[in-house]
Amino acid sequence: MLKLYNTLTRKKETFRPIKKKVGLYTCGPTVYNYAHIGNLRAYVFADILKRTLKYDGYKIKHVINITDVGHLTSDADSGEDKMVKALKREGKKFNRRSMKKIAEFYTRAFRQDIKKLNIQSPDRWTKATAYVREMIKMIRLIEKNGYAYETSDGLYFDTAKMSDYGKLAQLDVKGLQPGARVEINPEKKNPTDFALWFKAVDKGKSHLMRWSSPWGKGWPGWHIECSTMSTRHLGQPFDIHTGGIDHIPVHHTNEIAQAEAAKNRPLANYWLHGEFLILDKEKMAKSGEGFITLSTLIDKNFDPLAYRYFCLTAHYRSPLNFSWENLRASQNALNNLYQSVAGCPCPTKINKEIKEKFTAAVNDDLDMPQALSVVWDLIKSNLPAGEKMATILDFDKILGLDLAKMKKKLLKIPSEIKEMAGKRESLRKEKNWSAADQLRQEINQRGFQIEDTEQGIFIRRKS
Numbered sequence: 001m002l003k004l005y006n007t008l009t010r011k012k013e014t015f016r017p018i019k020k021k022v023g024l025y026t027c028g029p030t031v032y033n034y035a036h037i038g039n040l041r042a043y044v045f046a047d048i049l050k051r052t053l054k055y056d057g058y059k060i061k062h063v064i065n066i067t068d069v070g071h072l073t074s075d076a077d078s079g080e081d082k083m084v085k086a087l088k089r090e091g092k093k094f095n096r097r098s099m100k101k102i103a104e105f106y107t108r109a110f111r112q113d114i115k116k117l118n119i120q121s122p123d124r125w126t127k128a129t130a131y132v133r134e135m136i137k138m139i140r141l142i143e144k145n146g147y148a149y150e151t152s153d154g155l156y157f158d159t160a161k162m163s164d165y166g167k168l169a170q171l172d173v174k175g176l177q178p179g180a181r182v183e184i185n186p187e188k189k190n191p192t193d194f195a196l197w198f199k200a201v202d203k204g205k206s207h208l209m210r211w212s213s214p215w216g217k218g219w220p221g222w223h224i225e226c227s228t229m230s231t232r233h234l235g236q237p238f239d240i241h242t243g244g245i246d247h248i249p250v251h252h253t254n255e256i257a258q259a260e261a262a263k264n265r266p267l268a269n270y271w272l273h274g275e276f277l278i279l280d281k282e283k284m285a286k287s288g289e290g291f292i293t294l295s296t297l298i299d300k301n302f303d304p305l306a307y308r309y310f311c312l313t314a315h316y317r318s319p320l321n322f323s324w325e326n327l328r329a330s331q332n333a334l335n336n337l338y339q340s341v342a343g344c345p346c347p348t349k350i351n352k353e354i355k356e357k358f359t360a361a362v363n364d365d366l367d368m369p370q371a372l373s374v375v376w377d378l379i380k381s382n383l384p385a386g387e388k389m390a391t392i393l394d395f396d397k398i399l400g401l402d403l404a405k406m407k408k409k410l411l412k413i414p415s416e417i418k419e420m421a422g423k424r425e426s427l428r429k430e431k432n433w434s435a436a437d438q439l440r441q442e443i444n445q446r447g448f449q450i451e452d453t454e455q456g457i458f459i460r461r462k463s
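Taking the numbering used here, I'd label the letters of the sequence shown as residues 1 to 463.
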């Protein structure tokens, strides 16, 4: 029985879907830059959740949004649009065509990243600019129900009209000072009020994307985008909404308020949030200089799936400390796992006792560190090799480490490459480092990568 920690109730709950098909929404990227590895941790976590649901026999409808308008540099109502910021950063012309190209470029980059991490694609990608008319319809419902008011620069949500506003974040709304959470605006009725629609008061000089609306030309607020796109495809309420913990106090809080104001029903029954990736005691953010992307890892000869493995070593609700040393340890562990699998014969039967331990771990709020512990106990056990193989391939439906594909790749390494690697190892023992390095480069030029681990050398075909 699957149990999940629900941020809304602050407790672990038995998962009970609304219908036979689970509705799952994952907050997607704002496509103004490459995703950094901290961003990508959130999608690994959502993928593990999705795979666990499938493993448990549920059918799923999964939606991920693409934000290509409306997300300001602050998650609140301040700063410039991130897409405009991207235009300036890259020296592009200030026009819609340039902005569209930037959005398409970084959308492709994001989708390539999740493919490399073996993250399963959603059933539907939703791009914000394709849903503006539906956003306007939802805003009109909110306004009709008495939760909105107009100012000179936009239409705002009146948070005082909602008695339980801020329940997801457990906000002390009365104790919030003006400007503590959203930008100070003298026309706002309450400090927590947020924009549903921005008016193009400067006639589009600072913002390219504009649509006609009952409140004048302008563009939607970031929060209304997710409320609209999630309910459009999953209904209201739907089952599970995921995202990072940084979304709790503002973005997800406002998503809930809008959806409930529009239809007087909950937005989602379960809210799951992943913790930060920590780098030098700071959460990783694209606003900082030199953030680390998946390409950075690949350029340093790390397998993308080593980063996926690294993410599995901590619970999704715990901070994860990134270092090159920790990533190297995950790469070595993954290599050892691949070597163990490569040495196994064809799979026979799944060991039920070991499977029960594994499923108990993953169904306990996705306890992947405990699940990995079960995996290594299995590898070290005295079970027949075919039984080990069958069991671990079954587990990989959740782990997503491509064990079956890697087994085939490892078995196809040519004998001459293995001989070269053996000769290189002999040269290393003789401390003939120059000749050993030359052989390594030759192996690399032939399309193979060789790594030195505590358990010996590991050879893989370069992807």
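Source of the hints: derived by calculation from the structure; they are not laboratory data.
Some clues are possibly wrong.
Below, computed lysine to aspartate or glutamate pairings styled on EDC-like, alpha-carbon distance capped at 16 Å [unchecked claim]: (1) LYS423 / ASP396; (2) LYS418 / ASP396; (3) LYS397 / ASP56.
Each pair of labels, with its calculated beta carbon distance range [claimed, not checked]: (4) ARG108 / GLN449: 36 to 44 Å; (5) GLN170 / ASP452: 47 to 55 Å; (6) LYS100 / LYS167: 36 to 44 Å; (7) GLN441 / PRO369: 19 to 27 Å; (8) GLU13 / GLU80: 15 to 23 Å; (9) SER163 / ARG108: 16 to 24 Å; (10) ALA130 / ASP402: 29 to 37 Å; (11) GLY57 / SER78: 44 to 52 Å.
Remember, it's a predicted structure, so these values are computed and weren't measured experimentally.
The beta carbon of each residue, even a glycine, is placed where N, CA and C say it ideally should be.
Checking against the hints above, which ones are violated?
-> The structure conflicts with hints 1, 2, 4, 7, 8, 9, although it agrees with all the remaining ones.
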